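A.B. asks: Here's the letter readout for the chains.
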Amino acid sequence: MIIAEQKPIEEILEMLAPHKKILLAGCGACVTVCQAGGEKEVGVLASQIRMARKEAGNPIEIVEMTLTRQCEPEFMEEAKDAMKDVEAVLSIACGIGVQLMAQTFYDKPAYPGLNTTFLGLPEEHGVFTERCAACGNCVLHLTGGICPIARCSKSLLNGPCGGSQNGKCEISQDVDCAWQLIYDRLKAIGKLENLTEIIPPKKWITSRDGGPRKIVREDLRI
Amino acid sequence: MGSENPKIVAFCCEESGMPAYEHALSLGLELPEGLRVIAIPCGGKAETGYIMKALDEGADAVMVFACYEGNCKYVRGNIRAEKRVNYLKGRLEKLGLSPEKIVFCPVAPANGVRFAELLQQEIEVLRKGT
Numbered sequence: 118m119i120i121a122e123q124k125p126i127e128e129i130l131e132m133l134a135p136h137k138k139i140l141l142a143g144c145g146a147c148v149t150v151c152q153a154g155g156e157k158e159v160g161v162l163a164s165q166i167r168m169a170r171k172e173a174g175n176p177i178e179i180v181e182m183t184l185t186r187q188c189e190p191e192f193m194e195e196a197k198d199a200m201k202d203v204e205a206v207l208s209i210a211c212g213i214g215v216q217l218m219a220q221t222f223y224d225k226p227a228y229p230g231l232n233t234t235f236l237g238l239p240e241e242h243g244v245f246t247e248r249c250a251a252c253g254n255c256v257l258h259l260t261g262g263i264c265p266i267a268r269c270s271k272s273l274l275n276g277p278c279g280g281s282q283n284g285k286c287e288i289s290q291d292v293d294c295a296w297q298l299i300y301d302r303l304k305a306i307g308k309l310e311n312l313t314e315i316i317p318p319k320k321w322i323t324s325r326d327g328g329p330r331k332i333v334r335e336d337l338r339i
Numbered sequence: 142m143g144s145e146n147p148k149i150v151a152f153c154c155e156e157s158g159m160p161a162y163e164h165a166l167s168l169g170l171e172l173p174e175g176l177r178v179i180a181i182p183c184g185g186k187a188e189t190g191y192i193m194k195a196l197d198e199g200a201d202a203v204m205v206f207a208c209y210e211g212n213c214k215y216v217r218g219n220i221r222a223e224k225r226v227n228y229l230k231g232r233l234e235k236l237g238l239s240p241e242k243i244v245f246c247p248v249a250p251a252n253g254v255r256f257a258e259l260l261q262q263e264i265e266v267l268r269k270g271t
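From first to last, the protein sequence lines stand for chains Y and R. Residue 118 is where the first sequence starts when you use our numbering, and the numbers rise one by one after that. Residue 142 is where the second sequence starts when you use our numbering, and the numbers rise one by one after that.
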């Protein structure tokens, strides 16, 4: 899922400085799971902003709501009525949600309350780690289900670098060497022979490097 | 704090905070006039949203009364509560507000005296801060 974290409150307050009434819109999907932008976080952030503005002698009215998801146009309907009466929306969805808000409610500013960081998962409650780089050409079948693009600091494709020591990456003792993990996993599933096949240099055109990506499914178009 | 009687919202765990509160009442101890007690099944139910909303809506302080470490009926609810309080203290500081407005108070169920003392301590802290 998409992992995000709240922007520093000073940054948010600066964005909202010119406004007297806003919609604070959360999202019920990924950012709820990573506890950055769900219904609970809407409540806490709204209280925080109101208190800060009251303290500054410049009160603000905040309409609070949490959309089912902010990444699909159909769900923007949920915000339609609320958006009529506000000056702007502070979206604590991921960057996709903020952009869809901006696109849907074209005449009103849409501000991001979060920094969208990576695609990942919760290793444990409250700890999120990056697992996928959305590179557009998955090689997980060759690497025992461990992504060398996202989890290797250098995105190496054919084994560890010289900095791998005791299963840890040279950038930090807190970071596992992805290729150690890949080796261990391939050994566990009896596929060590995968390591003898050279994965060719990556064509990054399927990744962000090829520009904004688009998928068209004609079979799904109405 | 705008008045002589600060508004204190006390989230009280039903296993410790509430019995301590009731014990304080039964002893006839003086409790703050602005005290509002809210029973929760466990300290772990003191959600960050509830605490912030209470402050946002005019409470001068929010106190979470929960079990001592190791005594939580639900195992870690008190630990969760303390972590949330510490997290929110940090958020208050970033707003330029006093982190003393939110307090985590472990208390034993039969200790109404301690319950009343903690409230009084918080009132003193609030008064010094104004």
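Please keep in mind that the hints were generated in silico from the structure rather than gathered at the bench. Take the hints with a grain of salt, since some may be wrong.
Claimed, not checked - Computed list of lysine-lysine pairs in DSS-like fashion (alpha-carbon distance at most 27 Å, straight line):
| # | chain 1 | residue 1 | chain 2 | residue 2 |
| --- | --- | --- | --- | --- |
| 1 | R | 235 | Y | 138 |
| 2 | R | 230 | Y | 171 |
| 3 | Y | 124 | R | 269 |
| 4 | R | 214 | R | 269 |
| 5 | R | 194 | Y | 157 |
| 6 | R | 194 | Y | 138 |
| 7 | Y | 137 | R | 269 |
| 8 | Y | 171 | R | 235 |
| 9 | R | 235 | Y | 124 |
| 10 | R | 224 | Y | 124 |
| 11 | Y | 171 | R | 269 |
| 12 | Y | 320 | Y | 271 |
Values in this document were obtained by computation on a predicted structure and should not be read as measured data.
A.B. asks: Confirm or reject each hint.
C.D. replies: Here is what the structure says about each hint:
1. R/235 - Y/138: Holds - the C-alpha atoms of residue 138 of chain Y and residue 235 of chain R are around 22 Å apart, at most 27 Å.
2. R/230 - Y/171: Answer holds: residue 230 of chain R to residue 171 of chain Y is near 18 Å, not above 27 Å.
3. Y/124 - R/269: Given that 27 Å is the threshold and the Cα spacing comes to 32 Å, the pair is violated.
4. R/214 - R/269: violated, 36 Å
5. R/194 - Y/157: holds, 11 Å
6. R/194 - Y/138: holds, 18 Å
7. Y/137 - R/269: The hint is violated at about 33 Å.
8. Y/171 - R/235: Holds, at roughly 15 Å.
9. R/235 - Y/124: At roughly 12 Å apart (the allowed maximum being 27 Å), residue 124 of chain Y and residue 235 of chain R satisfy the hint.
10. R/224 - Y/124: OK: residue 224 of chain R and residue 124 of chain Y at ~20 Å, within 27 Å.
11. Y/171 - R/269: Given that 27 Å is the threshold and the Cα spacing comes to 21 Å, the pair holds.
12. Y/320 - Y/271: Cα-Cα ~15 Å, so holds.
Hint violations for this structure: numbers 3, 4 and 7, all remaining hints satisfied.
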